[in-house]
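Residue numbers (this note's numbering), protein chains in the order written: chain A, 16 to 311; chain B, -1 to 296; chain C, 5 to 332.
Please keep in mind that the hints were generated in silico from the structure rather than gathered at the bench. Cβ atoms here follow ideal geometry from the backbone N, Cα and C, with glycine treated the same way. Each hint should be verified, as a subset may be incorrect.
[Stated by the list, open to error] To give an idea of the chain C side of the interface with chain A (calculated C-beta under 10 Å), a few residues:
1. LEU36
2. GLN38
3. TYR43
4. ARG46
5. ARG139
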Amino acid sequence: MTSHTYSTRADSAEDDHEAAPRVEVNRDTRRSLPPDPKPIMECDGVDVYYGDFRAVTDVSLGFGHNEITALIGPSGCGKSTLLRSLNRMNDLIVSARVEGSVTFHGQSIYGKDVDPIEVRRRIGMVFQKPNPFPKSIYDNVAYGPRVTGMKVSSMDDLVEEALTKSALWDEVKDKLKDSGLGLSGGQQQRLCIARTIAIRPEVILMDEPCSALDPIATSRIEDLMIELRDEYSIIIVTHNMQQAARVADRTAFFTALAAEGSGDRTGLLVEYDLTTKIFSAPADERTENYISGRFG
Amino acid sequence: MASLGAIATAPLKAKREGDKSAKSIVFMGVLWFTIFFSVLCLGTLLVNAFFDGWTRLDGNLITRYSSTVLPETAGARAAILGSALVIVMTAVLAIPLGVAAGVYLEEFADPRRWYNKIIEVNLTNLAAVPAIVYGMLTAGVALSIGLPRRVVLAGAIALALLILPVIIITTREAMRAVPREIREGSLALGATPLQTVWRQTLPSAVPGIATGSIIALSRALGEAAPLLLLGGLVFVSYDPNGLFSGYTVLPIQIYDWVKEPQLAFQQVASAAIILMLGLLLLMNAVAIVIRNRYQKRW
Amino acid sequence: MSSTIATEGSSSQTTPQGVDPDSYNKDPAGFLRQRRGRYGERVAMVALVGSAGLSVLVTIGIFFALLVPSLEFLREISIREFLTGDRWAPTFADASFGVLPLVTGTMWTTVIGLLIAIPFGLGAAIYLAEYAPERVRRFLKPVLEVLAGIPSVVYGYFALYFVAPTVLNDLLSVEVGTFSVLAAGLVLGIMIIPTVASLSEDAMSAVPQSLRQASFALGANRMRTTLRVVFPAAVSGITASIVLAASRAVGETMIVALAAGTQAQVVSSPTEPGQTMTGFIAQTATGESSPGSLTYNTLFAVGLLLFVVTLLMNVVAGSIVRRIREVY
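All chains should be modelled from the sequences, with the hints used to inform the complete structure.
This is the structure we're talking about:
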């Protein structure tokens, strides 16, 4: 069994331990969390369809206030699809349909009177590939407040605040009029985070935000997420287990299973718990296999 | 399916054959000839027009009115002004409408809805309606609502309808080239779909739309057929001075001169052709410059 | 998992800076409702939809603009006489309204045009899709675009003053008069070469590379691959390009109005002059025909016929193209 265990460490004798994951768990070890989250958002029995294809099946979980929740799992397990249904970005795909309930502060975001624009204003999103607008750095940050008609006393202050919070201010304060596209990949992604912060959302969804970045840029974004956790609730999809282990307070593990009656694979929530628990003593064998690198 | 059969049987018949076999070389020769023919036609056409008309590329061509008795000094002044006026009006009518329709179809229309399907099918067919039919439509409508049909506005409407499908298609292509990430980024910040179009997608698509629109307008500039029914052929010896003014345009003026048998008319027609082709070349050059300089590479 | 729902989301510790902390207390159920009226947006959407709908209105307009005078026309002339009569003389004293001369004139110019455009267009398409190095493509594509962009009145001039006297009479010793369906058709063919070439090239470029590689792997050379694999695979797209080019030839006006002549007769030889449907419309339109008169209505009856014929061709081409899309 151990011979099949994937490990990047050549030297370690620990490798022989029974499936013990060897990832650094949660940098912030002093943080103590209740066993159940105090949820700002909740999914209850959520199914997401693309036409007839059910991409996600029966997901129920709550995302904690001022916590970082990681969604992990093999590709095709529907974690990104689920994430995009949390701020109604799936509305943009004509065939997409969400069943079950997704609530924000207890109110369904798919309710009849709900304005998706208002949902997205309160639940921001950062994408996989940095996508700054072809505008100046300043205009990138000011865009959200402008289009949402936010009342601000000083746009300059708001831009500075957002850029400071996203740890970008010192690098760009002398070139705010330069195009956002001229920044490095990591800077671009922090600009996108600044842009999201500027509209003061309560939740920030991050869809594999570091997958296009180098390790140093990734590390800076991870530090940033931990800093932002005090003010925002963050839900992050990542394909990188170590990243989940490093930053997330709680982790949800998804897998892809063949749906009954068809050959299509559908995403399923396997296990959701404190990150420390998921990575040290997972309850489900599939989780254990995945995080120990035996699968996925 | 036929192709599969070809794959299966080809090696049975043929030994390994290179691209240097006699048959291949003949085939290449034929292809080269077909290409050469197109280039030759274009070259001959241009050289022929130039040789027929270069003696008349003089000041009279642009400063004087046409004449039925003095072809040697006749000019296309009224036609040049008429073309300018008609094309400007055509742009004013066609570009906003075409861009708006293109934006709707590309960004908002649910392709599964029956009415959007109808619009799509309709557009493909409209793009291939003969030009002269647009003239008949405009003439018929002008007549039934009691408006004059031999005026600048009628001509501009016909040409605008003619190029509308082109502008719609151009707009859609330019919008489609803007990456989805930009739209998503904007919507995720709480922008409405319309704000997203207005502040992100459309500005990014402007160079593409401008390029396509200029090329469409250059087509309208050279188009004579629909204007035959809309008064373009009245003998005009005055400057058009408004939307309800009588007028003629360059291609119609050329048509009129070409029909005259005297050599002098043929010469002034050629000179006007050179002038018109020069204008078209200029418009296309502007379009290409816009495309190369301003189009974003994503 | 916890089932408690945080309805008391107002505790300042959990609320991000800047969000009005009372916003969901005052209206606990409705804080996700639309905040602003966005009436301007609704107006703008109506404008966008209206613009798109206009194109449908244009089609309906075309149909009625042509149909109403045509019905007037058919009140005086039987549809049988119109469609099967072989004498077209609407303005003569002993007027006759058999449209066959115009139809055969159109067929002559179109067929001659296709005889030029199919080989030369396809040759150019094959060369561009399968052979041309990038450098040559960069030169050839603009040549075809320029050829497609030349106004048809210029082609008409070319047919009348160069192709007929110089090419046909002097170079090829073909006896034609000033006007002939041959000269008009030849130049019409040159005009539609780019249509055939670019659409066929698209069709051939869309053939999956794997088919070509399979053929090369079996030892076929480029010519054999092109003719036996790529061409058959692209045949529907090529057919569609030819049908579309033919439809353009049928609807083209200025070349035939200038070079084919104005004699409406059943053409029996390509060297004869003849009038096409569009040629008749151009000739009659420029004359003074008062609206409501039989001549005026005749114009629209021929226009309707032209519209229906080209529409049918486009529908056929469109359905062929849709079929290809399903294949790949």
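Each hint tested on the structure:
1. Here the hint on LEU36(C) is kept, as its CB sits about 4 Å from the closest CB of chain A, short of 10 Å.
2. Annotation: GLN38(C) was flagged as interfacial toward chain A, and the flag holds, the nearest CB pair being 4 Å apart, inside 10 Å.
3. Because the smallest distance between the Cβ of TYR43(C) and any Cβ of chain A comes to about 14 Å, over 10 Å, the interface hint for this residue is violated.
4. With a least beta-carbon distance of about 14 Å to chain A, the hint placing ARG46(C) at the interface is violated under the 10 Å criterion.
5. This hint is violated: ARG139(C) has a C-beta 31 Å from the nearest C-beta of chain A, more than the 10 Å allowed.
Going down the numbered hints, you'll see the structure goes against 3, 4 and 5, while the others check out.
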